[in-house]
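Residue numbers (my numbering): 298 to 552.
Simulated from the structure, these hints should not be mistaken for laboratory data.
Any given hint might turn out to be false.
[Claimed, not checked] The list that follows gives simulated cross-link-like pairs (lysine to aspartate or glutamate, EDC-like), each with its CA atoms no further than 20 Å apart:
(1) Lys401 <-> Glu471
(2) Lys490 <-> Asp439
(3) Lys542 <-> Glu391
(4) Lys386 <-> Glu539
(5) Lys351 <-> Glu539
(6) Lys409 <-> Asp439
(7) Lys490 <-> Asp336
(8) Lys542 <-> Glu491
(9) Lys409 <-> Asp437
From a predicted model like this one, the values you see are computed outputs, not experimental measurements.
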Amino acid sequence: MTGRLASLLAVLVLATQVQAGPALADHAADCRLGELQIDRNFPLPQVARALAAKQLSILVIGAGSSLLPGTSGAANAYPARLQHALAEKLPGVEVKLATDVKAKHSAAEMVKSLAPALSSAKPALVIWQTGTVDAMQGIDQDQFSQALDKGINIARSAGADVVFINPQYSPRTESMIALGTYAENMRWVAVQKEVLLFDRFSIMKLWSDLGTFDFYSATKKLDIAESVHDCIGRLLAGLVIEAAKPSEPQAEGGR
Numbered sequence: 298m299t300g301r302l303a304s305l306l307a308v309l310v311l312a313t314q315v316q317a318g319p320a321l322a323d324h325a326a327d328c329r330l331g332e333l334q335i336d337r338n339f340p341l342p343q344v345a346r347a348l349a350a351k352q353l354s355i356l357v358i359g360a361g362s363s364l365l366p367g368t369s370g371a372a373n374a375y376p377a378r379l380q381h382a383l384a385e386k387l388p389g390v391e392v393k394l395a396t397d398v399k400a401k402h403s404a405a406e407m408v409k410s411l412a413p414a415l416s417s418a419k420p421a422l423v424i425w426q427t428g429t430v431d432a433m434q435g436i437d438q439d440q441f442s443q444a445l446d447k448g449i450n451i452a453r454s455a456g457a458d459v460v461f462i463n464p465q466y467s468p469r470t471e472s473m474i475a476l477g478t479y480a481e482n483m484r485w486v487a488v489q490k491e492v493l494l495f496d497r498f499s500i501m502k503l504w505s506d507l508g509t510f511d512f513y514s515a516t517k518k519l520d521i522a523e524s525v526h527d528c529i530g531r532l533l534a535g536l537v538i539e540a541a542k543p544s545e546p547q548a549e550g551g552r
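Go ahead and model the full structure; you've got the sequences and the hints to work with.
Pasting the structure below:
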């Protein structure tokens, strides 16, 4: 509880620094505002082994919101920013990252191509971004959950940890698409299967509520999208590193 309160106080302090809007906000502060929405409730044992061996291989699977347009889009999208942040934070560790990102693919469609992607990349970690396309298509919630469950089992059978990334938040589409429902569905599956969830939906909603980023104009301003992707990459890197650390032994008497 103390750590949670400390994080909340830090967020409130940072929020006062960004009230003037993104143009005057410090980029590191922008990213840190999302830390309160991140739960590090499950370990990443395969990643821990990979870090000990000084070689970390990651496979990112996802749909359109894992991409950015333009000639520099791949370099500025969150998968590349994640790799860059990990390389910075993990000197001496070789970080390799492969992507299997296809626009308009549902969770079930991603599962179909997962096995060959795993065979090719041989990752210690699968980062799975999904939910948006399923929400847009109105995929049955049970079918969505079953696809998630199947994908987790396939990844784990291949010796990889899994981190979910749920849909991105958009105030423009919130009333038209039930993104929040699919985001919560992913949270439930993550808890049941003991998978880490990177709650992109709640992080971006917090940024929107605090005025950190103006998502009403984000579709017209590529620089905002690039900043958001960079922040997502940084926060993901922090989550991966923290979750891979060995758990601290409990003191005698449970104290």
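Tested hints:
no.	hint	verdict
1	Lys401 <-> Glu471	19 Å, holds
2	Lys490 <-> Asp439	15 Å, holds
3	Lys542 <-> Glu391	17 Å, holds
4	Lys386 <-> Glu539	11 Å, holds
5	Lys351 <-> Glu539	16 Å, holds
6	Lys409 <-> Asp439	17 Å, holds
7	Lys490 <-> Asp336	15 Å, holds
8	Lys542 <-> Glu491	16 Å, holds
9	Lys409 <-> Asp437	18 Å, holds
Of the hints listed earlier, there is not a single one the structure fails to meet.
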